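In this note's numbering, the protein residues as written are 1 to 225.
Honestly, the hints are just simulated from the structure, not real lab data.
Pairs of lysine-lysine residues, derived as PhoX-like cross-links and limited to a Cα-Cα distance of at most 20 Å, are as follows:
(1) Lys204 - Lys181
(2) Lys163 - Lys181
(3) Lys176 - Lys163
(4) Lys163 - Lys204
(5) Lys204 - Lys194
(6) Lys180 - Lys204
(7) Lys163 - Lys180
DEER-style ranges, computed between Cβ atoms:
(8) Gly137 - Leu85: 25 to 31 Å
(9) Asp121 - Ser205: 20 to 26 Å
(10) Glu197 - Gly21: 50 to 56 Å
(11) Val145 - Pro106: 25 to 31 Å
(12) Met84 - Glu50: 24 to 30 Å
(13) Phe179 - Gly21: 41 to 47 Å
(14) Gln213 - Asp121: 18 to 24 Å
(15) Leu166 - Ala134: 40 to 46 Å
(16) Pro5 - Glu64: 30 to 36 Å
(17) Gly186 - Leu98: 45 to 51 Å
Since the structure is predicted, the reported quantities are computational estimates derived from the model, not experimental observations.
Glycine included, C-beta positions come from ideal geometry on N, C-alpha and C.
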Amino acid sequence: MRYYPVFLDLNHKRALVVGGGLVAQRKVETLVNYGASISVISRELTGRLEEMAAEGILQYLGPEFRDEYLEGVFLVIAATDDPMLNHQVSQRAQERGLLINAVDQPEDCNFIVPAIMSRGDLQIAISTSGKSPALAGKIRQQMEVQFGEEYERLLFLMGRIRKEVLSRGLPQKENKSIFKKIIDSGILEALAEKDRERVEMILKSALGNQVDQETLDLTLGSEAC
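Model the full structure from these sequences, guided by the hints.
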């Protein structure tokens, strides 16, 4: 099966995790990073999940899965060590048209979770359509070497520059030309070396005006030379 790749906005969306072991903990920690409102059902919780419940990061619903716990939920993850329970959770979720991922049971999923390589707002998802998570992890490791912190700096910088350029009211073609000139200028190498003078020169050439020093400070750090 080939899966359609998509990025979801989980901010303030309700997510239910069934399971309380280390796998469930990793799922919860990931969901927290994306702003989901998380509930957990499990007979036992890892120490970290207990801490997160005590801190109000997640809501602990108790030891037993009940159908009513699916009400108002956007996304469900079944991460127990009981395949039959995972299957039951999946059936109930799919009957309600919910997104469901049952760990290591692709037949009980209507979505799978890719390996993610992140550099700030840059996210690259790697999927083997569930055939080899180990290979997806290997590819992610290779990408972490290939895409260094300079990509995070560039994306932050481009986000601020884009607002300025679009505010000028120039034709779309001209805006596109400015952005392409910056990207193709060797700015990645300058950002990797934190070469402030070169970054500023590149931006002045592309933008035709002085560069906001605060933007450079935030991108490179005020100590960059």
